[in-house]
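A.B. asks: Residue numbers (my numbering), protein chains in the order written: chain A, 178 to 578; chain B, 178 to 578; chain C, 178 to 578; chain D, 178 to 578.
If you are wondering where the hints come from, they were derived from the structure by calculation, not from laboratory data.
In this list, chains with the same sequence are indistinguishable; a pair is considered to hold if it fits within one copy or across any two.
Below, in silico cross-link-like pairs of lysine to any residue (SDA-like), each with a Cα-Cα straight-line distance of 20 Å or less:
hint: 1; residue 1: K460; residue 2: L448
hint: 2; residue 1: K284; residue 2: K400
hint: 3; residue 1: K419; residue 2: S236
hint: 4; residue 1: K403; residue 2: D286
Number of protein chains: 4
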Amino acid sequence: MDYVYGPGRNHLFVPGPVNIPEPVIRAMNRNNEDYRSPAVPALTKTLLEDVKKIFKTTSGTPFLIPTTGTGAWESALTNTLSPGDRIVSFLIGQFSLLWIDQQQRLKFDVDVIESEWGQGANLDILAMKLAADRAHTIKAICIVHNETATGVTNNLSAVRNLLDEYRHPALLLVDGVSSICALDFRMDEWGVDVALTGSQKALSLPTGMGIICASPKALEASKMAKSVRVFFDWNDYLKFYKLGTYWPYTPSIQLLYGLRAALDLIFEEGLDNVIARHGRLGKATRLAVEAWGLKNCTQKEEWFSDTVTAVVVPPYIDSAEVVRRAWKRYNLSLGLGLNKVAGKVFRIGHLGNLNELQLLGCLSGVEMILKDLGCPVKLGSGVAAAAAYLQNTIPMIPSRI
Amino acid sequence: MDYVYGPGRNHLFVPGPVNIPEPVIRAMNRNNEDYRSPAVPALTKTLLEDVKKIFKTTSGTPFLIPTTGTGAWESALTNTLSPGDRIVSFLIGQFSLLWIDQQQRLKFDVDVIESEWGQGANLDILAMKLAADRAHTIKAICIVHNETATGVTNNLSAVRNLLDEYRHPALLLVDGVSSICALDFRMDEWGVDVALTGSQKALSLPTGMGIICASPKALEASKMAKSVRVFFDWNDYLKFYKLGTYWPYTPSIQLLYGLRAALDLIFEEGLDNVIARHGRLGKATRLAVEAWGLKNCTQKEEWFSDTVTAVVVPPYIDSAEVVRRAWKRYNLSLGLGLNKVAGKVFRIGHLGNLNELQLLGCLSGVEMILKDLGCPVKLGSGVAAAAAYLQNTIPMIPSRI
Amino acid sequence: MDYVYGPGRNHLFVPGPVNIPEPVIRAMNRNNEDYRSPAVPALTKTLLEDVKKIFKTTSGTPFLIPTTGTGAWESALTNTLSPGDRIVSFLIGQFSLLWIDQQQRLKFDVDVIESEWGQGANLDILAMKLAADRAHTIKAICIVHNETATGVTNNLSAVRNLLDEYRHPALLLVDGVSSICALDFRMDEWGVDVALTGSQKALSLPTGMGIICASPKALEASKMAKSVRVFFDWNDYLKFYKLGTYWPYTPSIQLLYGLRAALDLIFEEGLDNVIARHGRLGKATRLAVEAWGLKNCTQKEEWFSDTVTAVVVPPYIDSAEVVRRAWKRYNLSLGLGLNKVAGKVFRIGHLGNLNELQLLGCLSGVEMILKDLGCPVKLGSGVAAAAAYLQNTIPMIPSRI
Amino acid sequence: MDYVYGPGRNHLFVPGPVNIPEPVIRAMNRNNEDYRSPAVPALTKTLLEDVKKIFKTTSGTPFLIPTTGTGAWESALTNTLSPGDRIVSFLIGQFSLLWIDQQQRLKFDVDVIESEWGQGANLDILAMKLAADRAHTIKAICIVHNETATGVTNNLSAVRNLLDEYRHPALLLVDGVSSICALDFRMDEWGVDVALTGSQKALSLPTGMGIICASPKALEASKMAKSVRVFFDWNDYLKFYKLGTYWPYTPSIQLLYGLRAALDLIFEEGLDNVIARHGRLGKATRLAVEAWGLKNCTQKEEWFSDTVTAVVVPPYIDSAEVVRRAWKRYNLSLGLGLNKVAGKVFRIGHLGNLNELQLLGCLSGVEMILKDLGCPVKLGSGVAAAAAYLQNTIPMIPSRI
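Chain A on its own, in the form it takes in the complex:
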């Protein structure tokens, strides 16, 4: 059933789905269970409590919905807004584009602020719009924390500051799909109203669980929101929360135990240590790209992403060929360039349960591929640059000191 066996491990460096740690694979290696027995609610209770920590919220209400990031988006929007509502949304890459497409199809009045791909959200225009919106017609700001297509991280704290500055009551809805559990994210501090991620990203689980967290203000808004919704309706969950049985429909038993194991590993490492590790991996990758003489798709340092790096290839190379060759010759999985940057960039995902030597193996592979394709990269140059930084910064593994 493995149609495409290659010797050794697959080096999985797409920005999701990411590597699942062995203890999590183990935890999910199990038969189904009756989700109405006392065991599953007892487990669920711990999950709902603990999952709030990865959002850095104490006041939020989490929902673990059997869906993907796309479904989580829909859940965030339909529970808080009504058709026709004006929302401001930033278009900076393929995933923000897809979210905007969803917003439009869900019949919201989407006010798009577009940036060049490779740039972050244009907050100056947001400021203008907020300033102009005395009537508070803007009901929500929708922003992707980390645009996975271009490797751009937006400044959420600055968005919050603008809202506060203009005393604007718009909801702040954040796609944290490729950020939460990897980048610094502070739901309560930044006044985020809905934040969401998917299990297959930095949590390092299989796909299948959309994880959404709603602020008290968002819950309040959900009472008025007129968008039609059933499967994604938070209210069905809230009813079962009250009953203590938690699930309006059947959850994946395996993902529940997997989430338990994933959270345990994150807390054992320490969430801030996890974030610091992503910081190291991101920086090391960027140093390698620089050493190769290539450009980062991300145009300014303030937007550099610690979970994904989009590398611009020279014009005489098709970046899709980098990805194909990685897979066909080196058992390495890289991310394609999407849409506007198709053929121009390939992406190195460096998020989730990953360590430095894995990354260095990947970088050495990228060097060989670039050389395969005629790019005058000096073998070892990127690895050396990354290693020089890492060798100074990698901490001892706490459990092994």
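Based on these hints, arrange chains B, C and D on the given structure of chain A.
C.D. replies: Leaving out everything else, chains B, C and D in the frame of chain A:
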């Protein structure tokens, strides 16, 4: 992480999620993969082709959506209908009730035909409605093939015959959650327009995949359907089918490989043999219930379900106590009575990857529990009745002859 | 790779290898590790400490050898005895026979005390031999605690009493392969010098670990024992115990983690509760056999085994056909009759991680098979007899109360 | 239960146990089975036939013994030789030393030919001994194909040539523990009489199976061999081979299915491609060592090993500190220097299911560690040297072309 360990296997006899066969657990015991590599589309292609066989359709188009049965319902409705559309829906138990609730919340004009719980769909009333509907205001008939709450199987062939008799063009939407892969189901022959099931039912996988199959007529309807939908929109799938990459958003790699293994097992056994096995298990269960002197919640033989049996307990017993005791003392998981039949029935699920000795172990447990609770059941009586039937009907295991 | 797939679970009722609990399968689902890293010794230390508890010894020294029960036998003999040493050994069935064969091939002077198969060790003859052996020429008594071929449990306490009565210094070597972790076994109290079991028996692990425990007297004897040995030499282990690295050669990482999980489950249930559970399963099985009108191969109640029951079939039936049919039609694995009782008995193993409903499922299968083969067994009779006893004795599962 | 969790994969580069491929882990993720059912012999038959291919023999008889390499050694010796027999054995490192120790304890008359550690077997002395041995007092030549402690591969073909040249009938016993399935090994062509390996080496399984292959001449010798043996006696296996039940005692079901999967992967890749891959990994490692300015413990190119490289550290560094630091900081497992070379060398195992990017990740880790410890290694230098070679030699993955 197993909060409630008990020695030996858990005897899982809820009507879903059901026992996962070992080869399927094995197939899913794996790391994530890049779903944009050539491997996953190659696998997906075989799945889309083979999954049609469990619907007995050649003209249908399947969708494997990362959701549950509730989401599959929503997908069936929103892709084929527009708000305000009149649909006829049968209310015969908790799951048909939940579907009707969804239909109403999705803003359809639901014409409910209600039966007493324990009875099947009232087709006489349907006939009258069809006869009266010269203007074809009825856009769809929604029917649950097998009502999991009461163990009632509806006669889909008769529904088709009525539609044909009255030359009525209404779509036929079927919830096959607890029937497909277990009961005789013939999408093409019966002219079903949308059929759906969930991975955790007779397919014997974990929860997380809604499996929907649409007839050409349903696909045609989807072009006109005005219900708002994004995550559940078939069109997004169809676009990617054409591209040959298949997935508009990230699928669960584990469920894809699991589905491959599950289908392989079903085809190895033979789908008709699988259905015959469910026939044996259902009949054996009913014989046991009869031997115990208890009543089946299902009121007539024509509605008897081969996937779930709802057993009516004597009035002096709380059926929830049967379920609690099963779990607490015998490591046996039974289904609760729901809503109108709460406290009055408990349910034995006998679907999915299950064999006769497993069922007999369950039945012997039920006998002890009933005795525990003061019900004058003769120990061994139900097992004897079931075994007398099974001993005459169990075939040799083909691979072992 | 499953050449002989049958639907549903295999009902594994051979007296070894036995069912592995899911948490143990999970614990072993892992990659290899460097056994010279600090992690493996840390784990090993806990195992060596905790494994003593299943022998009920505080003074014994355990050895976890990558071998089977046959290898564990060889380890027990060659470390404590010298070629030519006189040993007294009881022949009561196939496994004691095989051990005696090994003893003879290892060049010991084996004084065999034979009983009819179905009887226990003849302790009267032992008493005579001990009484006569004023010169202490007998160096060891070798006894199988539970003869797996006939379902006979010997009285070890009585053996110890005889040795004490005659103040005889012979070593007491005990094969506890199908007893330890299932039957009452008290190494220290009974003055057992070497006790041994295999991982695939009541510990409910895969095959591959021979578990041996040596008393201080046995360790002392090992210094003088002249039997040639290398792989099985305890001394190589003791050297590495002192170094704190524990392993003279590579252990199975998977079995080490599996043993950790298996011990954890046993301690969670409570060793005495585990033994009581085996008592229930054994008694229930014997009641069923009686209800069927069949004979237990074990001739007297004092020898009844709570881990395996050898059932004598009527003369017109070939017991091997019972076993074949069980597997071919019912996905049930029973034990064959061996050697002298081949064709005459089949065996029901009821040891390891097993609960009551699993056993009742098995018993209902046996009833059908016997009927298949023309034996006038009343269906349900054995199950009823077993259930009548079990319904009065099964305790609540402690973690679920 | 993971006492020493570190984020990301463990980089396992000890020369055994090695990385288990995911499909093999999956194949072993299973419950026990009755090994006396028809299924296990059917599986075993294919294993015994196919395992001969990894020895490149058609005339040999394989034995799959539940033991480790140490037990496989004992099996090879005791089945072919009698106490007092003169054998010639080469001492070139820790593992040949341990084998010689075993030979002596098994009471053979061991004629040791010693080389400096880092050199191969001294065949000149062997030639002299053979020349002098007109009386054929030498009964066997024992040689380690690949000395795992020093990374030295002996020339077996040359040994065979000498035996032929002197028409000497001595048996040729070969420890292939770290060579078979990784280095070129030709049992029939080289007239090897007993060859052996362990499951946890290049076969990439867990520890627990000693795999021995005996030539017809070795089987003949076993009829006369007077060494005492029971557990390791080939004759017990041969009896059961004739019966078609194959197993004199319980095998590990999991390892049997694991071996099936491991062989399937090896044959899919192609045994000669597997060997070529090891050739690439070995060469790449040596190029890195050279680029670092360090010495290979192996003194001449003719002895270079493609499965393990022992790297000599500068005198001011303790090689054990390299290993400790690898594990504590980089989640990298390297091999210690043993005995005479303790503190002086560390070892990189590059055998089993491993690919080039994994190795490059390891090499980049070694560079950082060496720098950590004050060794003036240029970061990236070894990786660059290895990559320059690999980039020219890695083939496309056949299944992905």
